[in-house]
Amino acid sequence: MTGLQDLFAQTKSEGRAALVGYLPAGYPTVPGSKDLLAALIDGGADLVEVGVPYSDPVMDGPTIQLAADAALKNGFRLRNLFEVVESVSARGGRAVVMTYWNPVRQYGVEKFARDLAAAGGLGLITPDLIPDEAGDWMAASEQHGLDRIFLVAPSSSEERIDLTVKASSGFVYAAAVMGVTGARDQVSSGAAELVARTRAHTDLPIGVGLGVRSREQAAEIAGFADAVIVGSALVSAAAGGTEPVHALAGELAEGVRQAVANA
Numbered sequence: 001m002t003g004l005q006d007l008f009a010q011t012k013s014e015g016r017a018a019l020v021g022y023l024p025a026g027y028p029t030v031p032g033s034k035d036l037l038a039a040l041i042d043g044g045a046d047l048v049e050v051g052v053p054y055s056d057p058v059m060d061g062p063t064i065q066l067a068a069d070a071a072l073k074n075g076f077r078l079r080n081l082f083e084v085v086e087s088v089s090a091r092g093g094r095a096v097v098m099t100y101w102n103p104v105r106q107y108g109v110e111k112f113a114r115d116l117a118a119a120g121g122l123g124l125i126t127p128d129l130i131p132d133e134a135g136d137w138m139a140a141s142e143q144h145g146l147d148r149i150f151l152v153a154p155s156s157s158e159e160r161i162d163l164t165v166k167a168s169s170g171f172v173y174a175a176a177v178m179g180v181t182g183a184r185d186q187v188s189s190g191a192a193e194l195v196a197r198t199r200a201h202t203d204l205p206i207g208v209g210l211g212v213r214s215r216e217q218a219a220e221i222a223g224f225a226d227a228v229i230v231g232s233a234l235v236s237a238a239a240g241g242t243e244p245v246h247a248l249a250g251e252l253a254e255g256v257r258q259a260v261a262n263a
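Counting along the sequence shown from 1, when you hit position 229 you're at 229 in the numbering used here, and nothing is skipped either side.
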């Protein structure tokens, strides 16, 4: 059983969804990001997404872009990623990395998988890598025991969803809205439909991300998904330091335990 299988078996046995929180490595500094991730874990996140700051994002909204820019200006380099992931493991947390594919290619696919596994990372979320072009990653992740989390979106066809879930392991990332990341006032009306469409193709857990910022939204999504993924709201909180991150994680953790089944 992989680390992610163990995590979702645990949350399922508790009758709730998992809380997945995103923060970028190196923001505002490498040591500072370790402190923020520790606060996220202590606040109640079941799994953390450690983001890789990147100068040419395609999915990140303005909040995450600003944080990534700050991390890069403050000296973050990809080799720092692994010490940040290791800090999560040492804290008793679980970590996956979310990154665009180009940094992995530049670092070396097999070397990246080796170093991520050695740091205690459980897998990789790849928003701009489709299974059709992921042969190198499929082989490297298999060799090093890492999970592969690919994305489905409201625009995905049934054929594309089927192909994506068959290439995935750990869980499937359902992007609830089209467009870039960012906290929103309401949960996308298409999120539940996307989860239902995806669930028809797989028994893997399904996590919903993009737009969540409150306990109420976390509870709503936890009513139909296996994981609630929160990014921009936590990054905004991180601008205030560890205490706001801890507090927001605590509120969101309460939300996934107060799931409200959708009509």
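In short, the hints are calculated from the structure, not lab data.
Please note that the accuracy of each hint is not assured.
Capping the alpha-carbon separation at 27 Å, the derived lysine-lysine pairs in DSSO-like fashion look like this [unchecked claim]:
| hint | residue 1 | residue 2 |
| --- | --- | --- |
| 1 | Lys-166 | Lys-12 |
| 2 | Lys-166 | Lys-111 |
| 3 | Lys-73 | Lys-111 |
| 4 | Lys-73 | Lys-12 |
Quick list of the computed label-pair ranges, beta carbon to beta carbon [what the hints assert, rightly or not]:
| hint | residue 1 | residue 2 | range |
| --- | --- | --- | --- |
| 5 | Ser-55 | Gly-108 | 35 to 41 Å |
| 6 | Gly-75 | Ala-239 | 34 to 40 Å |
| 7 | Ala-239 | Glu-142 | 24 to 30 Å |
| 8 | Ala-90 | Glu-251 | 21 to 27 Å |
| 9 | Ser-55 | Gly-190 | 14 to 20 Å |
| 10 | Asp-162 | Gly-190 | 14 to 20 Å |
| 11 | Glu-159 | Leu-72 | 22 to 28 Å |
| 12 | Asp-162 | Asp-128 | 39 to 45 Å |
| 13 | Gly-145 | Glu-83 | 18 to 24 Å |
| 14 | Arg-79 | Ser-157 | 20 to 26 Å |
| 15 | Leu-72 | Lys-12 | 21 to 27 Å |
| 16 | Glu-159 | Glu-251 | 37 to 43 Å |
| 17 | Met-138 | Glu-158 | 18 to 24 Å |
The beta carbon of each residue, even a glycine, is placed where N, CA and C say it ideally should be.
Right, here's what the structure says about each hint:
no.: 1; hint: Lys-166 - Lys-12; result: holds (22 Å)
no.: 2; hint: Lys-166 - Lys-111; result: holds (25 Å)
no.: 3; hint: Lys-73 - Lys-111; result: holds (25 Å)
no.: 4; hint: Lys-73 - Lys-12; result: violated (41 Å)
no.: 5; hint: Ser-55 - Gly-108: 35 to 41 Å; result: violated (19 Å)
no.: 6; hint: Gly-75 - Ala-239: 34 to 40 Å; result: violated (19 Å)
no.: 7; hint: Ala-239 - Glu-142: 24 to 30 Å; result: violated (39 Å)
no.: 8; hint: Ala-90 - Glu-251: 21 to 27 Å; result: holds (26 Å)
no.: 9; hint: Ser-55 - Gly-190: 14 to 20 Å; result: violated (31 Å)
no.: 10; hint: Asp-162 - Gly-190: 14 to 20 Å; result: holds (19 Å)
no.: 11; hint: Glu-159 - Leu-72: 22 to 28 Å; result: violated (38 Å)
no.: 12; hint: Asp-162 - Asp-128: 39 to 45 Å; result: violated (20 Å)
no.: 13; hint: Gly-145 - Glu-83: 18 to 24 Å; result: holds (20 Å)
no.: 14; hint: Arg-79 - Ser-157: 20 to 26 Å; result: violated (39 Å)
no.: 15; hint: Leu-72 - Lys-12: 21 to 27 Å; result: violated (38 Å)
no.: 16; hint: Glu-159 - Glu-251: 37 to 43 Å; result: holds (39 Å)
no.: 17; hint: Met-138 - Glu-158: 18 to 24 Å; result: holds (22 Å)
Hint check: violations occur at hints 4, 5, 6, 7, 9, 11, 12, 14 and 15; the rest are consistent with the structure.
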